[in-house]
Amino acid sequence: MELIRITDLHAGIEGKEILKGINLTIGEGEVHAIMGPNGAGKSTLSAVLTGRPGYEVTGGTVEYKGRNLLEMTPEERSWAGIFMSFQYPIEIPGVSITAFMKAAVNAHRKAQGKSELSPAEYLKLLKTNMKLVQMKGEFAGRDVNVGFSGGEKKRGEIFQMAMLDPSLCILDETDSGLDVDALKIVSDGVNALRGPEKSALVITHYKRLLELIVPDKVHVLKDGRIVRSGGTELVEQIENEGYDSIHD
Amino acid sequence: MDELKEKELLESVAAQEYKEGFVTDIRQEFIPKGLNEDIIRLISAKKDEPEWLLGFRLDSFRKWQKMTPPRWGHLSRLPEIDFQDIIYYAAPLRDEDRPESIDPALEETFEKLGIPLKEREILAGVKPKGVAVDAVFDSVSVSTTFRKALAEKGIIFCSFNEAVHKHPDLVRKYLATVVPNGDNFYAALNSAVFSDGSFCYIPKGVHCPMDLSSYFRINAAGTGQFERTLIVADEGASLSYMEGCTAPMRDTNQLHAAVVEIICEKDSDVRYSTVQNWYPGDEQGRGGILNLVTKRGICKEGAHLSWTQVETGSAITWKYPSTILKGDNSTSEFYSVALTGKWQQADTGTKMIHVGRNTRSRIVSKGISAGHSENSYRGMVQMGPGADNARNFSQCDSLLIGSECGAHTFPVIRSSNPSASVEHEATTSKISEDQLFYCTQRGISPEDAVGLIVNGYAKEVLSRLPMEFAVEAQKLLSVNLEGSIG
Numbered sequence: 000m001e002l003i004r005i006t007d008l009h010a011g012i013e014g015k016e017i018l019k020g021i022n023l024t025i026g027e028g029e030v031h032a033i034m035g036p037n038g039a040g041k042s043t044l045s046a047v048l049t050g051r052p053g054y055e056v057t058g059g060t061v062e063y064k065g066r067n068l069l070e071m072t073p074e075e076r077s078w079a080g081i082f083m084s085f086q087y088p089i090e091i092p093g094v095s096i097t098a099f100m101k102a103a104v105n106a107h108r109k110a111q112g113k114s115e116l117s118p119a120e121y122l123k124l125l126k127t128n129m130k131l132v133q134m135k136g137e138f139a140g141r142d143v144n145v146g147f148s149g150g151e152k153k154r155g156e157i158f159q160m161a162m163l164d165p166s167l168c169i170l171d172e173t174d175s176g177l178d179v180d181a182l183k184i185v186s187d188g189v190n191a192l193r194g195p196e197k198s199a200l201v202i203t204h205y206k207r208l209l210e211l212i213v214p215d216k217v218h219v220l221k222d223g224r225i226v227r228s229g230g231t232e233l234v235e236q237i238e239n240e241g242y243d244s245i246h247d
Numbered sequence: 000m001d002e003l004k005e006k007e008l009l010e011s012v013a014a015q016e017y018k019e020g021f022v023t024d025i026r027q028e029f030i031p032k033g034l035n036e037d038i039i040r041l042i043s044a045k046k047d048e049p050e051w052l053l054g055f056r057l058d059s060f061r062k063w064q065k066m067t068p069p070r071w072g073h074l075s076r077l078p079e080i081d082f083q084d085i086i087y088y089a090a091p092l093r094d095e096d097r098p099e100s101i102d103p104a105l106e107e108t109f110e111k112l113g114i115p116l117k118e119r120e121i122l123a124g125v126k127p128k129g130v131a132v133d134a135v136f137d138s139v140s141v142s143t144t145f146r147k148a149l150a151e152k153g154i155i156f157c158s159f160n161e162a163v164h165k166h167p168d169l170v171r172k173y174l175a176t177v178v179p180n181g182d183n184f185y186a187a188l189n190s191a192v193f194s195d196g197s198f199c200y201i202p203k204g205v206h207c208p209m210d211l212s213s214y215f216r217i218n219a220a221g222t223g224q225f226e227r228t229l230i231v232a233d234e235g236a237s238l239s240y241m242e243g244c245t246a247p248m249r250d251t252n253q254l255h256a257a258v259v260e261i262i263c264e265k266d267s268d269v270r271y272s273t274v275q276n277w278y279p280g281d282e283q284g285r286g287g288i289l290n291l292v293t294k295r296g297i298c299k300e301g302a303h304l305s306w307t308q309v310e311t312g313s314a315i316t317w318k319y320p321s322t323i324l325k326g327d328n329s330t331s332e333f334y335s336v337a338l339t340g341k342w343q344q345a346d347t348g349t350k351m352i353h354v355g356r357n358t359r360s361r362i363v364s365k366g367i368s369a370g371h372s373e374n375s376y377r378g379m380v381q382m383g384p385g386a387d388n389a390r391n392f393s394q395c396d397s398l399l400i401g402s403e404c405g406a407h408t409f410p411v412i413r414s415s416n417p418s419a420s421v422e423h424e425a426t427t428s429k430i431s432e433d434q435l436f437y438c439t440q441r442g443i444s445p446e447d448a449v450g451l452i453v454n455g456y457a458k459e460v461l462s463r464l465p466m467e468f469a470v471e472a473q474k475l476l477s478v479n480l481e482g483s484i485g
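Those protein sequence lines, which keep their order, are chains A and B.
The opening position of the first sequence corresponds to residue 0 in numbering that gives the first Met the number 0, with each subsequent residue numbered one higher.
The opening position of the second sequence corresponds to residue 0 in numbering that gives the first Met the number 0, with each subsequent residue numbered one higher.
In case anyone wonders, no lab produced these hints; they're calculated from the structure.
Backbone N, C-alpha and C fix where the C-beta goes; we use that ideal spot for every residue, glycine too.
Where hints are given, some of them may not hold.
[Stated by the list, open to error] Okay, the calculated bits of chain B under chain A, using three or more residues with CB under 8 Å as the criterion:
| id | stretch |
| --- | --- |
| 1 | 278 to 284 |
| 2 | 314 to 326 |
| 3 | 421 to 434 |
[Stated by the list, open to error] Anything over 12 Å on all C-beta distances counts as not near chain B; from chain A, calculated:
| id | residue |
| --- | --- |
| 4 | E16 |
| 5 | G28 |
| 6 | I91 |
| 7 | K101 |
| 8 | A119 |
| 9 | D180 |
| 10 | R227 |
| 11 | G230 |
| 12 | E232 |
| 13 | E238 |
| 14 | D243 |
Can you make the complete structure from the sequences, with help from the hints?
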């Protein structure tokens, strides 16, 4: 089953076109990787898919679970199961992880017509998912991303992802700024969440993340277009010969 | 969300729900409009006051007549007030058949505001317990709960008027000792016309077993509320005191000019918390309470006074809860969250006047401005010549929501003692689009996101409030921002 179909997507920022006709379809349970050099439009793609303010769609369509994704607000996209692990997670001083996630989880439940979780149920969910990314108990009491190390931030993102149980996970350069150990924890977390009804779009620069989260398909993004799609052999080619070796 | 829409959302300040905006339909007595010596004599007679108090009022009035309203506040929307166009006394009429009981309509009013006056229900666990309330409706105190339980410990908690009659020596000893009747224009006005308020006395060495609170309700139109609160903690006593207030929605301004005096005797400890939620006016800036208030405390040797305020209401707020650190080793804190939206203007802060040696004070002010509002912190830290080794730390943060509002900081430091130290830190920030987007990406609506971010920003202050007040304050911060985002 098809989860998301992106057709001839054009988008940009401040009048400058960055995505110049993206075509991409991700099926349920599939993990797709998008690789590309700096400035190829990788982050613009994730921003447009999540509805980040400031980005303008100038053409094309995105159909997600049979709905017109581009007409939905960011929170509606979240409720519909789209989650993005931020490249640069945002700090929210004075708001604990516990309080933040409680608001998020209950907003999702409300959108699904469910009642709020009881404190006990919520606590259980919190603990289970903290274990997934090897976070200690004190983590839940810390302010969202405030004073977090690079690794903690990314583990925090994967923890949030697990809490919200999304259908489509967009990992936006999740490997940037991570040491080997943190990368392992993050990818183990992601792999544990893989399933027949979960899809992922892994955006990265480098091979090392894709050795840990093995994708079903790999796409190479260059200058706002997908110039090549294939299997993991593409990862090898890029690693050995660089992006310049890949053309339409 | 494109940028324009985002901007629109941030700037549009739609109708916010002010759930306390109802009017109680009740028979009330009023005195004629206007202010002169006859009116003051009439108010005094209504309260059956002793001669000395009438003398105090008249002296205050004569001082007031020679004064002019202060205009130094950053309050461009503070109107010229016609003091002859105000009714200075309004009181619910007592039921002739049941002179001792509270009118059910009043009980219902306070019930609706979440202020339980029925002790039995509170004791039976139907309502949250542990708080004694003095409920003031327009110009009179209508009920004070838990007086008996408190009296067993020697604690006096009653309406100001009752204290004048039953404890005249205490009232005379302390009245106007911290805020003299000629202190400032509005304090002088209050001293001339004050109608009721709360009085509280904690005897030596007594720890008040429950929180005490006053709840002020303006109901009648065309009136002002001029309450007077006098709190005395005797040597080694301790007390936590809370104050709340609301008023109906009206399209004309109403004046609230209160005076609060707190006397902290040697080694006593007083925590004073306010959640101010007077009607702020509508989206066009019509109506709302003019909240012009003088609050001050004095700390004797080793005493501690802590002010915590959450200011979310009123069209105009002019208020500087202050402490005179007279005794050696005395300490004081001022924790404030002031939120302004729509066309509200707040000029609020504190004065810490260090007189004694080794005195310490701490100021944490968090201003939040949205809509077309103006929010100013104004503070003064004064280190007197005898304030050896005194210390102050001030932190003033401003948070802006949208681009039509203003945040200002006016700190004044005066030090006449080289061994004293004063530190001041200030920051200004905006709720960033990134923060909002991060929240919405997680499924939190923009409105809830603003509430969450603002509550986080104010956490350091909110955490100082007594539990039940903190919950109320958190809700208020969120509710009062509704519409400031979309």
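Check the non-interface label on D243(A): least C-beta distance to chain B beyond 12 Å or not. It holds; D243(A) is separated from chain B by about 34 Å at its closest Cβ, greater than 12 Å.
Per-stretch coverage check for the stretch 278 to 284 of chain B, three Cβ contacts closer than 8 Å to chain A: With 0 residues close enough to chain A, the hint is violated.
Given that the stretch 314 to 326 of chain B was listed as covered by chain A, double-check it with a C-beta distance under 8 Å for 3 or more residues. This one is violated; 0 residues, fewer than the three required, reach chain A with a Cβ under 8 Å.
Going by Cβ atoms, does E232(A) stay more than 12 Å from chain B at every point? 33 Å, holds
Verify that the Cβ of I91(A) lies farther than 12 Å from every Cβ atom of chain B, and report whether the claim holds or is violated. Non-interface label on I91(A) violated, nearest chain B Cβ at 6 Å vs cutoff 12 Å.
Minimum Cβ-Cβ distance from E16(A) to chain B exceeds 12 Å: Given that every Cβ of chain B is farther than 12 Å from that of E16(A), nearest at about 16 Å, it holds.
Check on K101(A) being off the interface with chain B, judged by Cβ distance over 12 Å: Non-interface label on K101(A) violated, nearest chain B Cβ at 10 Å vs cutoff 12 Å.
Would the least Cβ to Cβ distance between E238(A) and chain B come out above 12 Å? Check passes; 31 Å lies beyond 12 Å.
Just checking, D180(A) versus chain B, shortest CB gap more than 12 Å? D180(A) clear of chain B: closest Cβ-Cβ about 26 Å, beyond 12 Å.
Run the C-beta distances from A119(A) to all of chain B and say if the shortest one exceeds 12 Å. 20 Å, holds
G230(A) non-interfacial with respect to chain B [C-beta, more than 12 Å]: Answer for G230(A): holds, closest chain B Cβ roughly 30 Å.
Within the assertion that chain A covers the stretch 421 to 434 of chain B, do at least three residues meet a Cβ-to-Cβ distance smaller than 8 Å? holds (count 4)
Checked against the numbered hints above, the structure violates hints 1, 2, 6, 7; every other hint is satisfied.
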